[in-house]
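Those protein sequences? They're chains A and B, same order as listed.
At the far end of the first sequence sits residue 399, using my numbering, and the numbering has no gaps.
At the far end of the second sequence sits residue 399, using my numbering, and the numbering has no gaps.
Hints are computed from structural coordinates only; laboratory data are not their basis.
Any given hint could turn out to be false.
Where chains are identical, the list cannot tell them apart; a pair therefore holds if satisfied intra-copy or between any two copies.
[Stated by the list, open to error] Taking lysine-lysine pairs in the DSBU-like style, the calculated list, with each CA pair at most 35 Å apart, reads:
| # | residue 1 | residue 2 |
| --- | --- | --- |
| 1 | LYS392 | LYS293 |
| 2 | LYS247 | LYS162 |
| 3 | LYS341 | LYS123 |
| 4 | LYS123 | LYS346 |
| 5 | LYS243 | LYS66 |
| 6 | LYS243 | LYS376 |
| 7 | LYS293 | LYS60 |
| 8 | LYS24 | LYS243 |
| 9 | LYS24 | LYS247 |
| 10 | LYS392 | LYS346 |
| 11 | LYS24 | LYS346 |
| 12 | LYS66 | LYS340 |
| 13 | LYS24 | LYS376 |
| 14 | LYS123 | LYS293 |
| 15 | LYS243 | LYS341 |
| 16 | LYS346 | LYS376 |
| 17 | LYS340 | LYS392 |
| 18 | LYS340 | LYS376 |
| 19 | LYS243 | LYS123 |
| 20 | LYS123 | LYS392 |
| 21 | LYS162 | LYS243 |
| 22 | LYS123 | LYS340 |
| 23 | LYS392 | LYS24 |
| 24 | LYS247 | LYS376 |
| 25 | LYS293 | LYS376 |
Model, not experiment: these values are computed from the prediction.
Protein chains: 2
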Amino acid sequence: MESVQGGVTAPIGFAASGVSCGIKRRGKDLALIVSNRPAAVAGTLTTNRLRAPCVDWAEKILRLGKARAIVANSGNANCCTGVRGERDCRSMAEWTAGALGIPAQEVLVASTGVIGQPLPMEKLREGIRAARVQLTRTGSHSAAEAILTTDTSPKEIAVHWKIGGGVAMVGGIAKGSGMIAPNMATMLAFLTTDLQADAGLLREVLREVVPDTFNAITVDGEMSTNDMVLLMANGGTGLPPLKRGTKVHRDFLEAVRTVCRHLAREIVRDGEGVTRIFTVRVTGAAGRAEALKVARQVANSLLVKTMVAGRDPNWGRIAAAAGASGVLLRPERLTIRLGKKIVFQKGEPVRLSRAILLQQVDHPEVRIELDLGRGKAEASLLSGDLTEGYVKINAKYTT
Amino acid sequence: MESVQGGVTAPIGFAASGVSCGIKRRGKDLALIVSNRPAAVAGTLTTNRLRAPCVDWAEKILRLGKARAIVANSGNANCCTGVRGERDCRSMAEWTAGALGIPAQEVLVASTGVIGQPLPMEKLREGIRAARVQLTRTGSHSAAEAILTTDTSPKEIAVHWKIGGGVAMVGGIAKGSGMIAPNMATMLAFLTTDLQADAGLLREVLREVVPDTFNAITVDGEMSTNDMVLLMANGGTGLPPLKRGTKVHRDFLEAVRTVCRHLAREIVRDGEGVTRIFTVRVTGAAGRAEALKVARQVANSLLVKTMVAGRDPNWGRIAAAAGASGVLLRPERLTIRLGKKIVFQKGEPVRLSRAILLQQVDHPEVRIELDLGRGKAEASLLSGDLTEGYVKINAKYTT
Chain A
1 MESVQGGVTA
11 PIGFAASGVS
21 CGIKRRGKDL
31 ALIVSNRPAA
41 VAGTLTTNRL
51 RAPCVDWAEK
61 ILRLGKARAI
71 VANSGNANCC
81 TGVRGERDCR
91 SMAEWTAGAL
101 GIPAQEVLVA
111 STGVIGQPLP
121 MEKLREGIRA
131 ARVQLTRTGS
141 HSAAEAILTT
151 DTSPKEIAVH
161 WKIGGGVAMV
171 GGIAKGSGMI
181 APNMATMLAF
191 LTTDLQADAG
201 LLREVLREVV
211 PDTFNAITVD
221 GEMSTNDMVL
231 LMANGGTGLP
241 PLKRGTKVHR
251 DFLEAVRTVC
261 RHLAREIVRD
271 GEGVTRIFTV
281 RVTGAAGRAE
291 ALKVARQVAN
301 SLLVKTMVAG
311 RDPNWGRIAA
321 AAGASGVLLR
331 PERLTIRLGK
341 KIVFQKGEPV
351 RLSRAILLQQ
361 VDHPEVRIEL
371 DLGRGKAEAS
381 LLSGDLTEGY
391 VKINAKYTT
Chain B
1 MESVQGGVTA
11 PIGFAASGVS
21 CGIKRRGKDL
31 ALIVSNRPAA
41 VAGTLTTNRL
51 RAPCVDWAEK
61 ILRLGKARAI
71 VANSGNANCC
81 TGVRGERDCR
91 SMAEWTAGAL
101 GIPAQEVLVA
111 STGVIGQPLP
121 MEKLREGIRA
131 ARVQLTRTGS
141 HSAAEAILTT
151 DTSPKEIAVH
161 WKIGGGVAMV
171 GGIAKGSGMI
181 APNMATMLAF
191 LTTDLQADAG
201 LLREVLREVV
211 PDTFNAITVD
221 GEMSTNDMVL
231 LMANGGTGLP
241 PLKRGTKVHR
251 DFLEAVRTVC
261 RHLAREIVRD
271 GEGVTRIFTV
281 RVTGAAGRAE
291 ALKVARQVAN
301 SLLVKTMVAG
311 RDPNWGRIAA
321 AAGASGVLLR
331 PERLTIRLGK
341 KIVFQKGEPV
351 RLSRAILLQQ
361 VDHPEVRIEL
371 DLGRGKAEAS
381 LLSGDLTEGY
391 VKINAKYTT
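The shape of chain A in the complex, shown without the other chains:
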């Protein structure tokens, strides 16, 4: 499995574009991804109860499992916008369908940005026309730019591998930055492949991959109203449909995992104000839910996040966060590791020199591990530190 250029347009039969239509004050804000032939599609959607109409729209399409295009705007989430918002979402699908000569029911819509403001529909109509004109087989990077909000750089990857006499591809782009928490889909991520697969199989693949990738990251513990991960398969390779249990199926799963893992990681790295990332691994839990509960409490703890930001080996904050998780921990069974060193074990702190402790947090990726001593389940989360940068960005991200 090798990494290649090209993102979502690396797989055969996909074109994309990104244009600026004036929703954001500057920069590209409208992306289009199109398959030149029918494609199967699967996705995971936000579990937020106040979700945007484009999520409702996606839910309907995902039930049918067929799509030809994704149109996505940044700068405005079109959420909490009432009946008008529903109409606007449908218009986006219809205009895109019209421009491409395909049915509206095969156009997925995604929006990200400010909540509660109406979309500037005239600008969007123009933008969709322009995006149609600019569609190219190398447009992934432009599309990746056009879905960004406070992200500082586009997130893009593609992998390919040999299969029979040919080559199969999986590509993806994503945006994240704020409102990132481990709960179902947690941002926008669009994946494409030129293998042929039915929607049911694509769904299984996402169900397998998303929990350990996009759902295993957190920036600020917030869950967006508009999150979605979409995976389109158009069969552009001309190979026969994927069958479960084959090597091709396993390779495909691995490729999707690689793409999702890379994009999820990039999202945390580029999280608002994030300067350093850290992993929280919980082992010895009585069950997966329990492991996740402790991991989330630690990964989202403001005191742990600022500790990582300050390169301060103040592991008591890890202990306090774990203890506050609600899980019935027993200190005498708990082991806490910071970096490569055990700092707390059997109810006792481990004596380590200040120099050794400082070494444990002086890594670009700090490792925190908790063994609860209660069972065999485990969970891992990737999180970012909390810096003044986060506050600066979010005290000024004005409506």
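Place chain B on chain A using the hints.
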């Protein structure tokens, strides 16, 4: 019910002191509060599973319901310190008991500060001696200073009211700042009264008052390992014991509520980096737990906190946080108020000018209200904004 000077030493028969014994780099770090006669005591303790030995010690004493003194140090939480920590806590009680000529089982111990470091016991032994010497009837302010960590100012109040031919008093001091979240006791707060009451009645009073005061605040969603609220009643007025259902009982309840409300509010105001406070009131919930769930999600949301910091009327963040709470909200039944204005109702945003919206967040205490339209239960929380100050303090609060 009038406010008076004197804090915990306003009630008859209580003396206090605060001294510097060198646990912290500078400032007072050891407080002593003593009743000159036997007193009943009740308290609420942290629910954190990794709690300090002083919390275990307090639990034993509270079961008996009798105490004469509280000794409290700041700068070191004596938590996650193993067997040595348990021994050190007991020594603090024993040395204080020795200095005062009372049984160790009547000395409550409280510690606050860094986790996982051993207490400097020689300094504490000296400190306890000095605190004993400096006990005065006007020592409340010194004691209030000595329990502070990153707090910027001491928190103190006393109220009195006429009762029969005399006057009854309730006084209190508290410390908060970081690790403040709405979960059982959430910081250190010591209350005294010169009324006579048994421990059972005191417990009822705290159970009635704490949920809406100390447990209705949040600074950073963290729960400390050492939190406690203690209430001592020594009968110094010479009045007969409090009886349930009497006017004196009602007045006492009101006095304790006033003291707790004031101290809780001061804790949020002086929260780490807090520049502005805000209330989150949730009404129309199907039950109290549900109301609290939504209120907590909104009150602890980093995006809502930074919105308040930035005076940005970006109410979509309130909607997104509520939607992420896990409560089965229906947008068409939800009403969101910011300040005095409805901003979202019946699934639709309310059109308001930017000027009007800005007015709603331009208050020293921003009001956020959500009516879930699901029932009649409600809950309120008081929270503080998130600023660069919080990050600065916590990326540098070094072990």
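- Query: Are the CA atoms of LYS340 and LYS392 at most 35 Å apart within a copy, between copies, both, or neither?
  - Reply: Cα proximity of LYS340 and LYS392: in one copy and across copies (33 Å, 27 Å).
- Evaluate LYS247 and LYS376 at a C-alpha cut-off of 35 Å and name the case that applies: within, between, both or neither. Within one copy only: 30 Å inside, 57 Å across.
- Same-copy or cross-copy closeness of LYS24 to LYS243 [CA-CA at most 35 Å]: neither (44 Å within a copy, 67 Å between copies)
- 35 Å Cα cut-off: does LYS123 pair with LYS392 within a copy, between copies, both or neither? Cα proximity of LYS123 and LYS392: one copy only (30 Å, versus 42 Å across).
- Message: Reference check for the pair LYS243 and LYS123, CA-CA at most 35 Å: within, between, both, or neither?
- Response: neither (44 Å within a copy, 72 Å between copies)
- Message: When Cα atoms must be at most 35 Å apart, do LYS247 and LYS162 count as within-copy, between-copy, both, or neither?
- Response: within (11 Å within a copy, 85 Å between copies)
- Message: When Cα atoms must be at most 35 Å apart, do LYS123 and LYS340 count as within-copy, between-copy, both, or neither?
- Response: Between copies, since 34 Å is at most 35 Å while 54 Å is not.
- 35 Å Cα threshold - placement of LYS346 relative to LYS24: between (55 Å within a copy, 28 Å between copies)
- Intra/inter-copy verdict for LYS293 and LYS60 if alpha-carbon distance must be at most 35 Å: The answer is both: 32 Å in one copy and 30 Å across copies each meet 35 Å.
- Query: How would you classify LYS243 and LYS341 at a CA-CA limit of 35 Å: within, between, both, or neither?
  - Reply: Close neither inside one copy (45 Å) nor across copies (57 Å); limit 35 Å.
- Are the CA atoms of LYS243 and LYS376 at most 35 Å apart within a copy, between copies, both, or neither? Classified as within: same-chain Cα gap 33 Å, cross-chain 54 Å, threshold 35 Å.
- Query: With identical chains treated as interchangeable, where does the CA-CA distance between LYS392 and LYS346 reach 35 Å or less: within a copy, between copies, both, or neither?
  - Reply: Classified as between: cross-chain Cα gap 33 Å, same-chain 41 Å, threshold 35 Å.
Checked against the numbered hints above, the structure breaks hints 8, 9, 12, 13, 14, 15 and 19 and satisfies the rest.
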